[in-house]
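Chemist: Assemble chains B and C onto chain A, guided by the hints.
Each chain, letter by letter, is given below.
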Amino acid sequence: MFLKNYWYVAAFADEIAREPLARTILGEPVVFYRTEAGEPVAFEDRCCHRHAPLSLGRLVGDNLQCGYHGLTYEPSGTVVAIPGQTTVPNGGMVRKYPLVDRWRFGWIWMGDPELANPDDIPEVRFNDHPDWSYVGGYLHMDCHYMLLVDNLMDLTHETFLHAKTIGNVHVAETPLAKVQPGSKEPLKISPLQDLVDTKNSITATRWMIDIEPPPLYAKSGGFEGRNVDRWQLLHFQPPSHVWLDAGVAAAGTGAPEGDRKEGITHILYDGITPETEDSLHYFWSFPRNYNIEDKALDDLLQTGISNTFLEDKEMLEGQHALMKARPDAPRIDINADAPAVQVRRVVDRLIREQAGTPSPDMVAAAE
Amino acid sequence: MFLKNYWYVAAFADEIAREPLARTILGEPVVFYRTEAGEPVAFEDRCCHRHAPLSLGRLVGDNLQCGYHGLTYEPSGTVVAIPGQTTVPNGGMVRKYPLVDRWRFGWIWMGDPELANPDDIPEVRFNDHPDWSYVGGYLHMDCHYMLLVDNLMDLTHETFLHAKTIGNVHVAETPLAKVQPGSKEPLKISPLQDLVDTKNSITATRWMIDIEPPPLYAKSGGFEGRNVDRWQLLHFQPPSHVWLDAGVAAAGTGAPEGDRKEGITHILYDGITPETEDSLHYFWSFPRNYNIEDKALDDLLQTGISNTFLEDKEMLEGQHALMKARPDAPRIDINADAPAVQVRRVVDRLIREQAGTPSPDMVAAAE
Amino acid sequence: MFLKNYWYVAAFADEIAREPLARTILGEPVVFYRTEAGEPVAFEDRCCHRHAPLSLGRLVGDNLQCGYHGLTYEPSGTVVAIPGQTTVPNGGMVRKYPLVDRWRFGWIWMGDPELANPDDIPEVRFNDHPDWSYVGGYLHMDCHYMLLVDNLMDLTHETFLHAKTIGNVHVAETPLAKVQPGSKEPLKISPLQDLVDTKNSITATRWMIDIEPPPLYAKSGGFEGRNVDRWQLLHFQPPSHVWLDAGVAAAGTGAPEGDRKEGITHILYDGITPETEDSLHYFWSFPRNYNIEDKALDDLLQTGISNTFLEDKEMLEGQHALMKARPDAPRIDINADAPAVQVRRVVDRLIREQAGTPSPDMVAAAE
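Protein chains in written order, with our numbering: chain A, 35 to 401; chain B, 35 to 401; chain C, 35 to 401.
Pulled out of the complex, with its shape left as it was, chain A reads as follows (with noise of 0.2 Å):
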């Protein structure tokens, strides 16, 4: 089941272009391209006809005419020329969805069009922004989205399954300082905190102070043989955007109080788009505030972010690979799952309320 009125990272915008874009998303194919104006658009990849791929048809300017048997569909999805014919017959079009252009992004919206308002689209506002640089890629992944997110939501992964880079001992051993639904508060110092929405936001903080700066960190900023203060401050938004503002400053310069003058921020924005109940679309982006005109640090920290990635989605997959073959294993919680027990609190009840059922919580409230 996916949660369908949100809108999703379908694409990077620059992937959407003259040449017909195949991807299935939320388990629908579709396929995707840019009018000759630049309009990015998205409708079913299956021809009203016969059921060709229509993202193997071809541009004919504005149109998309399907590569079988030359049906053409304007950017609306309806169909506008059967060639040998004058008329087009009832039922000659495919869904349209609607996709929008925004922090480098093509956002899709799955659900009922009437519901589409390109306000909602999360902001990832950093990835554009004239003091920041960008970095960023994609992964695909042969899980379930939720095992993404929660993994994003534990960060004490980092120090076990990414002690070459981002990991170091400190992320496990320092407890959250909060987890919270529905307050701004724990984000307050943030560059995210406007994001929040108090009815199904989740935030977690972790600060840890005078520590060693891991190894990535010590690198790209300069920090190498000085103690730090580290912060990990994360938000999620339904259905499944994670974000992170991560840094490091030197220690004792008053960054959990606000100041980060002596430090260096990176905001990673995780776009997590389910491509079918097993697999999963991963676009990230990881601006920083620093050094933004070196290219060398672009490079490593692509480098390095695309390397702790494909950690995770081996250990992901296998994860995923295991609870197939036996959903049912039993399993315990730790303390440093509140986070993301507290994210699939939401997701269930969003997914509850889509289906129409009421969730254990509307219950008691009506009771």
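Be a bit skeptical, because a hint or two may be false.
Taking lysine-lysine and the BS3-like style, the derived pairs with C-alpha atoms no more than 27 Å apart in a straight line are [claimed, not checked]: (1) C/K233 / C/K38; (2) C/K358 / B/K130; (3) C/K130 / A/K358; (4) C/K38 / A/K358.
Residues from chain A that face chain B, not an exhaustive set, calculated with beta carbons under 7 Å [what the hints assert, rightly or not]: (5) C82; (6) Y102; (7) Q119; (8) T120; (9) P123; (10) G125.
Hints are computed from structural coordinates only; laboratory data are not their basis.
Glycine residues also receive a C-beta, built at the ideal position from the N, C-alpha and C atoms.
Modeler: Showing chains B and C alone in chain A's frame:
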């Protein structure tokens, strides 16, 4: 559901030789070989002892010896020797299939062997004709066999899928002149005219008068820079045999009336054999009646046709995958579907008759 | 259905080391490692927290630390540490499996651990014997484990499948001398004789007197150009252990009566361990009692046997695929099946007993 009591192409005749050949036909594993005298043999590729694939065995004279425990089968499919014992128990046999060499192919009968009459083998006579030059080939496709029949019965797809080879805009823009079940009339000027079986055949013809020749014909027939009259005379016979009398003649020299002296003719034969419900064997031959000694032209056509059919393969496999994922997705018919729709009607009726279920027509006739 | 309360070969002993090893046994994912003191350890390869594969973790002293969130398991399978907290919740453990080093293998017990008695481990004693030289190997096969047991209990297949190595015509043409359940008698002159368990064993012997030696033995034993007396003394123990006392002696020197002074003996042991219902692990060893210092002969036998078993793998995987496609296809028995049929009878009875269903024999005895 497959139509059983029909001849299907199982192999090129020269594939059936003195080494066992394994191929699945209509969902059944079959082993093929040839006796020392050259007789083609086909039987079940599953040893009656412990179900080892007989195709892993070896020929001993006219017999096939299982490669596992040495049971020896004569061409009738009967076990004639078991190592270490002198008798063969009841049940020591596998199912033999009628198999006949003709027209460069090996033809197999998967139904009731009592009904197998070699006189019913479809005629592909120009494959072996002294005035015609032969080229042919094989392609495996992961799609239902009727999707390839549909493909061939609607050649408007040439315009879009095969623009680089045999397509040009005229095919899609020219309506079919005639689509006719059960009549020899539309093919009356074709070398295929005597194939028409008035009960179960479908024929469809298209004439494109005074047009630019498509790239492949322009090159092979020497029509560069000249206009032509082009024809496509299609003939379908159950279960899945399709012929195409296709050619061009210098424009205005009388081709539509039957004068092909200034023209070139190809007879494409498509032997489409279901492998499983989700895959097929495609045997094609493409004899021509001009420049028949031109080996370079043979190579040009062999390569050109093969590349053309690879375009079909990609499209049909994409179409099949989409249909499997959502079989009930809505679809529309277009004018060009008329021959394919009529073919489907014939095949559906024959399948119902095979299953013993009266067709709507039969019910109506009885009322 | 697998027989649970038995020892199975899980690995070569030297595969179980200071890096976690993942292997599926009887459908269950298992992780193997060795403590600093050298004790072999096996437990469930599924973290009790979020089902990550523990085999992706790392050893910390004698413990295995999950590579995802750092839960630390001691060799008993119990969690002894969770990062960021001081207590371990109930359920903080995975299933531990008894695992014993013996005869160069690691032996695992997948059933009730209370019943695991290392004295019941099958004897593969010549693997470690100073008068014998060891070679061994591993093969994975995509087939049901009983197909490999069948294979080994009917060596007539050597004549057909292994003509190039160990087969010659005599194996298939010589009837089995004795096939006997529950009697030590057929093996009375074999080094294996004391293995016979009179309740569940099956033994079968074949003597080929005064024959040409098969190619591999002729070469390795120096019998080129001389006739030999050849023996194959087979022994099966549930669930799927097979031994073969196989060798040749100079013809007429008394081998059938027990005098092997002019002969050479190999003891093939087959450790067949189901991976899933459709795949198996095959561990084999092939010690010999002649030229035991000859490393070139070790290599010759290692390569020869490996290549021989690859021939079996191809055949058994083909057989398995055909049986899965049509499980109810008819089949016949032949004389050579007698040992395999008796083995199947024993295994079927033990499976019924395990399931608590009385066997036909038990029903008959009770009436």
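Chemist: For the pair supplied as a hint, C/K233 and C/K38, confirm whether the alpha-carbon distance does not exceed 27 Å.
Modeler: With a Cα-Cα distance of about 18 Å, the restraint between C/K233 and C/K38 holds, given a limit of 27 Å.
Chemist: Within a Cα-Cα threshold of 27 Å, do C/K38 and A/K358 meet the stated pairing?
Modeler: holds (23 Å)
Chemist: Holds or violated: is there a CB of chain B closer than 7 Å to the CB of A/G125?
Modeler: Given a least distance of 5 Å, the restraint on A/G125 holds.
Chemist: Does A/C82 pass the interface check with chain B, least Cβ-Cβ distance below 7 Å?
Modeler: holds (5 Å)
Chemist: Should the hint that A/P123 touches chain B count as held when the rule is a Cβ pair under 7 Å?
Modeler: Because about 5 Å separates A/P123 from the closest Cβ in chain B, which is inside the 7 Å limit, the hint holds.
Chemist: Quick one, is the A/Q119 hint okay against chain B at 7 Å, beta carbons?
Modeler: Interface hint status for A/Q119: holds (5 Å vs cutoff 7 Å).
Chemist: Mind checking the CB of A/Y102 against every CB in chain B and telling me if the closest is under 7 Å?
Modeler: holds (5 Å)
Chemist: Just to be careful, I want the Cα atoms of C/K130 and A/K358 compared with a cutoff of 27 Å; is the pair within it?
Modeler: holds (21 Å)
Chemist: Tell me if A/T120 is really an interface residue toward chain B, meaning its C-beta lies closer than 7 Å to one of theirs.
Modeler: Hint violated; A/T120 Cβ to chain B Cβ min 10 Å, cut 7 Å.
Chemist: Between C/K358 and B/K130, does the CA-CA distance stay at or below 27 Å?
Modeler: Holds, because 21 Å separates the two Cα atoms, which is no more than 27 Å.
The structure is inconsistent with hint 8 alone, although it conforms to all the rest.
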